[in-house]
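Enquirer: Following the hints, complete the assembly by docking chain B onto the known chain A.
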Amino acid sequence: DTEVTQTPKHLVMGMTNKKSLKCEQHMGHRAMYWYKQKAKKPPELMFVYSYEKLSINESVPSRFSPECPNSSLLNLHLHALQPEDSALYLCASSHPWVVAGEQYFGPGTRLTVT
Amino acid sequence: AQSVSQHNHHVILSEAASLELGCNYSYGGTVNLFWYVQYPGQHLQLLLKYFSGDPLVKGIKGFEAEFIKSKFSFNLRKPSVQWSDTAEYFCAVTGTSWGKLQFGAGTQVVVTP
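Those protein sequences? They're chains A and B, same order as listed.
Each number in my numbering comes from the position in the first sequence (counting from 1) with 481 added on.
Each number in my numbering comes from the position in the second sequence (counting from 1) with 905 added on.
Keep in mind that a hint or two might mislead.
Listed next, the stretches of chain A that the computed footprint assigns to chain B, with coverage defined by at least 3 CB atoms under 8 Å from CB atoms of chain B [stated by the list, open to error]:
#1 518–524
#2 528–536
Label pairs and their computed distance ranges (CB to CB) [unchecked claim]:
#3 GLY495(A) to SER931(B): 37 to 43 Å
#4 HIS507(A) to SER975(B): 41 to 47 Å
#5 PRO1018(B) to ARG544(A): 42 to 48 Å
#6 PRO1018(B) to ILE537(A): 42 to 48 Å
#7 PRO489(A) to SER989(B): 24 to 30 Å
#8 SER989(B) to ALA520(A): 20 to 26 Å
#9 SER536(A) to SER975(B): 30 to 36 Å
Since the hints were derived computationally from the structure, they do not count as laboratory data.
A virtual CB, placed ideally from N, CA and C, is assigned to each residue, including glycine.
Next comes chain A alone, as it looks inside the complex:
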């Protein structure tokens, strides 16, 4: 199984809402990632977890709060977002500490903030 799944596929939320994005993989990968991708742009790294610990935070605003409850799951909690946060949010996984390691991407959650 080389699949990374993400739920929901689409999410519309108001600026005062609290919502969460979920990502799951069963490839035994111990590194998981969140990326943000705006239309016609490349993915931008947000967070990296290694062995369930946050190892990279690319200066992401605190309204985005990641969580890695176990080695297969990765969540992104959203609160008080702005319209400019509307984007495709991608999750990925890989073996950690392998610089040349391939990252496997999920299909993404298309987020619209109204």
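Expert: Okay, now just chain B, sitting in the frame of chain A:
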């Protein structure tokens, strides 16, 4: 500063034409190079990667890429494209910092029947 640049933002070509997409990087030290593809409505997937050894690497779906260290380049090629190759193509690089995959701006490739 570290950077990845892709030469073309948009390429249109006919089926059976040859494709070459340019990618240059600016990184100090050892690099690992990737080409990812994003088909319409699908997730990003790896086409091929280079980290050491033979600078000519072959990937899936008939793609290949050549690493030229002296030119800091990793260009993607396919001798004969099909309509199904219509997609966004991203060059990406990791340096010595594990986990930090930096993408180029992407090239939108449209193959017409």
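Enquirer: For each hint, tell me whether it holds in the structure or not.
Expert: Outcome of the hint check:
1. 518–524: Per the Cβ count (4), the hint holds.
2. 528–536: holds (count 3)
3. GLY495(A) to SER931(B): 37 to 43 Å: For GLY495(A) and SER931(B) the Cβ distance comes to about 41 Å; the hint holds.
4. HIS507(A) to SER975(B): 41 to 47 Å: Roughly 42 Å apart at Cβ, these two residues keep to the hinted range, so it holds.
5. PRO1018(B) to ARG544(A): 42 to 48 Å: With a Cβ separation near 45 Å, PRO1018(B) and ARG544(A) satisfy 42 to 48 Å, so the hint holds.
6. PRO1018(B) to ILE537(A): 42 to 48 Å: holds (43 Å)
7. PRO489(A) to SER989(B): 24 to 30 Å: 28 Å Cβ-Cβ, so the 24 to 30 Å window holds.
8. SER989(B) to ALA520(A): 20 to 26 Å: Given range 20 to 26 Å: holds, Cβ gap about 23 Å.
9. SER536(A) to SER975(B): 30 to 36 Å: holds (34 Å)
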